[in-house]
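Take a look at the letters that make up each chain.
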Amino acid sequence: MLNGDNDKFLLGGWESISERRRLMVADKDYAIATLGSHSALQILKGARDEGFKTIAVSVRDHSFIYRHFNVADKIIEIPSYNEFLKAEDELLKENAILVPHASLVAYMDADIINGIRVPYYGNRKILSWESDRNKQREWLERAGLNVPRLYESPEEIDRLCIVKFQGAKGGQGYFLARDEDEFIRKIGSAKDFVIQEYIVGVPVYVHYFYSVIRDELELMGFDRRYESNVDAISRLPADLQSDLKITYTIVGNIPLVLRESLLPKVFDIGHRVVEVSKEICSPGLFGPFCLETVVTSELRFYVFEISARIVAGTNVFMEGSPYANLKHGKSMSTGRRIAIEIKEAIQQDRLREVLG
Amino acid sequence: MLNGDNDKFLLGGWESISERRRLMVADKDYAIATLGSHSALQILKGARDEGFKTIAVSVRDHSFIYRHFNVADKIIEIPSYNEFLKAEDELLKENAILVPHASLVAYMDADIINGIRVPYYGNRKILSWESDRNKQREWLERAGLNVPRLYESPEEIDRLCIVKFQGAKGGQGYFLARDEDEFIRKIGSAKDFVIQEYIVGVPVYVHYFYSVIRDELELMGFDRRYESNVDAISRLPADLQSDLKITYTIVGNIPLVLRESLLPKVFDIGHRVVEVSKEICSPGLFGPFCLETVVTSELRFYVFEISARIVAGTNVFMEGSPYANLKHGKSMSTGRRIAIEIKEAIQQDRLREVLG
Amino acid sequence: MLNGDNDKFLLGGWESISERRRLMVADKDYAIATLGSHSALQILKGARDEGFKTIAVSVRDHSFIYRHFNVADKIIEIPSYNEFLKAEDELLKENAILVPHASLVAYMDADIINGIRVPYYGNRKILSWESDRNKQREWLERAGLNVPRLYESPEEIDRLCIVKFQGAKGGQGYFLARDEDEFIRKIGSAKDFVIQEYIVGVPVYVHYFYSVIRDELELMGFDRRYESNVDAISRLPADLQSDLKITYTIVGNIPLVLRESLLPKVFDIGHRVVEVSKEICSPGLFGPFCLETVVTSELRFYVFEISARIVAGTNVFMEGSPYANLKHGKSMSTGRRIAIEIKEAIQQDRLREVLG
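Line order of the protein sequences matches chains A, B and C.
Sequential numbering of the first sequence, starting at 768, is according to the numbering used here.
Sequential numbering of the second sequence, starting at 768, is according to the numbering used here.
Sequential numbering of the third sequence, starting at 768, is according to the numbering used here.
Hint data in this document are derived by calculation from the structure and do not stem from the laboratory.
Owing to the predicted nature of the structure, the values given are computational and were not obtained by experimental measurement.
Backbone N, C-alpha and C fix where the C-beta goes; we use that ideal spot for every residue, glycine too.
Each hint can be trusted.
For lysine-lysine, the following PhoX-like pairs were computed, each having C-alpha atoms within a straight-line distance of at most 25 Å:
id, chain 1, residue 1, chain 2, residue 2
1, C, Lys1097, B, Lys1097
2, A, Lys1097, B, Lys1097
3, B, Lys1097, A, Lys841
4, C, Lys841, A, Lys1097
5, B, Lys820, C, Lys1097
6, C, Lys1097, A, Lys1097
7, C, Lys1012, B, Lys1012
8, C, Lys841, A, Lys1032
9, C, Lys1032, B, Lys841
10, C, Lys1012, A, Lys1012
Pair by pair, the computed Cβ-Cβ distance ranges are:
id, chain 1, residue 1, chain 2, residue 2, range
11, B, Pro846, A, Phe831, 47 to 53 Å
12, A, Lys1097, B, Glu1120, 35 to 41 Å
13, C, Asp1116, B, Leu852, 50 to 56 Å
14, C, Phe932, A, Asp946, 34 to 40 Å
15, C, Asp1010, A, Ser895, 35 to 41 Å
16, A, Asn837, C, Ile879, 56 to 62 Å
Residues of chain A clear of chain C, computed beta-carbon distances all greater than 12 Å:
id, residue
17, Val826
18, Arg834
19, Glu861
20, Asn862
21, Asn881
22, Glu908
23, Ile951
24, Ser956
25, Glu1046
26, Ser1074
27, Lys1110
28, Glu1111
29, Gln1114
30, Gln1115
Using the sequences and the accompanying hints, generate a full structural model.
Now the structure itself:
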């Protein structure tokens, strides 16, 4: 029944969203849907905990996971991630709100994401700020954060650098270089890279949730990634390590807590990122996001990347981190926090504020 | 009163187990017993949570642990692990079902284990497949898993290898060698070793539970081991590291989660291992088991060992991992999962299916 | 109304404490207060869970943290940590019991701490044994624990050593040296250092709670610290590592469990430390404390430091570790355990036994 409105939704403007909202309010029953990967278990579990109907859109090979854990009231199978749009009509019929995550963003072109007609939780416009390293850097710098230096070209390399590739495919192919020669030796035929100063310090991934409905920034937890082979080479004798190419493929995540005296700084940098986002990309960044930091021995946070949606590191806290559970007085995953936000938005007739 | 049946149980055949079962069903009251070490806290706690009477069989020096944590309704003290059989009559009298773990298997000879008359949870016959590296390798290869190459003799060493010793005594004495010379220099007078290709990647221990009663494979969680000194040498400057002999003594465990997109693969390799076990050692592997893997930067799982019972890494999830709690909708340790399996077996009059 | 007793409290003797207690018992309503840092979240949350009124004394910049997490019934703002005493009158009026932590001890001079008139949870006299490395060493040696060798002067250095500085400021500035030359090269103008043998093994921080009221030692959990840059250098190629100065600035903590077979040893060393403390500094060490150990590949625990109060590592278990939750049958952080101890002391009219 929503199909007739497709053209409006494709415009992506506020009018069409307002229209869509009105239609949905008449419906009363909402579903929360996500792509079956990344953090879908906690998103769907959290949605169900808050009373939503849940839908997993999954490639055929992976759908048994969502059946096994019984988190989805409905599973829509698609032949491949590229064909997500095949699930759209059914999602619209089910009155679904789509919760995006990094896999969804990684597997689909920006054009396709922008064209998704299913109500989309979060601000889609932030994607262009996030996916362009220069814009992301501008954002972080305007927020007054410490960022690693970014090099325009290999000949500028004057200290240890890390070379990264676009996309969110889990750090594959990243390498270190100390000068132009080393860069050239290692880059091969790769394109679409960025050269970043390598900051020596421990990696800390900070999970935030900025609630539009409550106008409050929350701390959802911390993790560090578990990466292959960089977290394995230290288990080799030093003489063997030098033979190896270091890689940064994300395999999993390990839970962390931070010194309590660092929490004020953690909140401060989160607030700054949100505030600047409102200026550069109204209504700004909201919902879950992550600052990927390195903390130096002087306890300075260097922010080397921002993820403008739920990160997989929150999976270590599927039952809530110490911080989130303390704040909410009950088990609170980031997935569940999203569901609460959407529920409160619906209850307060403010759903359009959390869609974008 | 079961004492008169000792001879039958020593036969270890299905007839005697069937007999034993009938006797027990008449009794109605079962106890769950284990050796006081390894994962006994969660096994006993889980059993009590499910309504069983619990018994710890413990060496005198360690029994205060099980008293302190109040997980055992009864503690049977034995002078040493070798004298486990001294507890047998009492265990039989208490109608106990013995839940084995790696310490039990490590501390007792296979002959003694095979001769245990107390009903034994799990398939004892799997032990011969597990303890013989060649048979274990055959098993894993038939399951189509990636396994590190195994070298028949030191002169074959053509790449980085790790040399391991038989038994489950926590990785003590393992060493690395790149060629025959290094092997000879390091092996000393040691015997009973295996030479395995060293796969570079992050260690991931996958905890499974295969339920015979529900005919379903469950994922109980992931950990990585915390080993001395291999997890400490990275804290030394590189020039100091080369002076050190790397050792792999297990001290503890650290919780992990894995990328959700790897879960289908994780279930797949678990299923394969169970299916092949049915062919090689009917009725096959059931209950808790662990695949000890290394995940490479290409996200390939290499399985370098299988533990055919509960592993100590499950202790990081004494209150349940995110995955197990999601599946069961409540706090679910591997210890508790075992108790549920045994309870359902009793309720469905299928106890013989989970004993072996 | 307690102000008139200030002089008595400054004497710090038992008479004055007895006096204070009587006054308080008349009052009936107690508050638990702590300095807003370190482990204040769990201390205040735990106190509230046990029915206490809670007070955070916080510098202005940090007080929003305690408001955000809603753990404090009252927040007393002070301009700087040095001016803690400005909060005293209000704390006395509120009938507060002060729970100290490492930040409180680090930020205030011993004289100030000794002069605090607010009832102080724990034995203040232990501070002099803890802060003097020679006395701490005497304590640990009398308890029969393995301790790293301590060097009186740089010329004695005959193996790998770590040079540490006094105070609890999070490991900043520590360095390694193999001989006198390296020591001189690295020490610069620093004073007030100790030279300790560097034990190769994995760091394990053991959290204990010794209950005076129940006369029982409890295990609260284990963690390992997450330190910058020492836990980051392993992510660099070996050739790059050598250029770096290793630092040990604590950034956070990672949860651990230990092999269950090590628990008897863990309890044993904890007991020994408590027993000796009764001799050297009556009534001895009580409440939460931590042994900072390194576990070697022979599974020997070397104790390199003792913290005579709650450590930040307990923050990984704000909802309780597997061990504490097992012991208590409910979620039990160290913060909550402190509150239970104080509550039972009040109920049994034994409050003076937990103050010092």
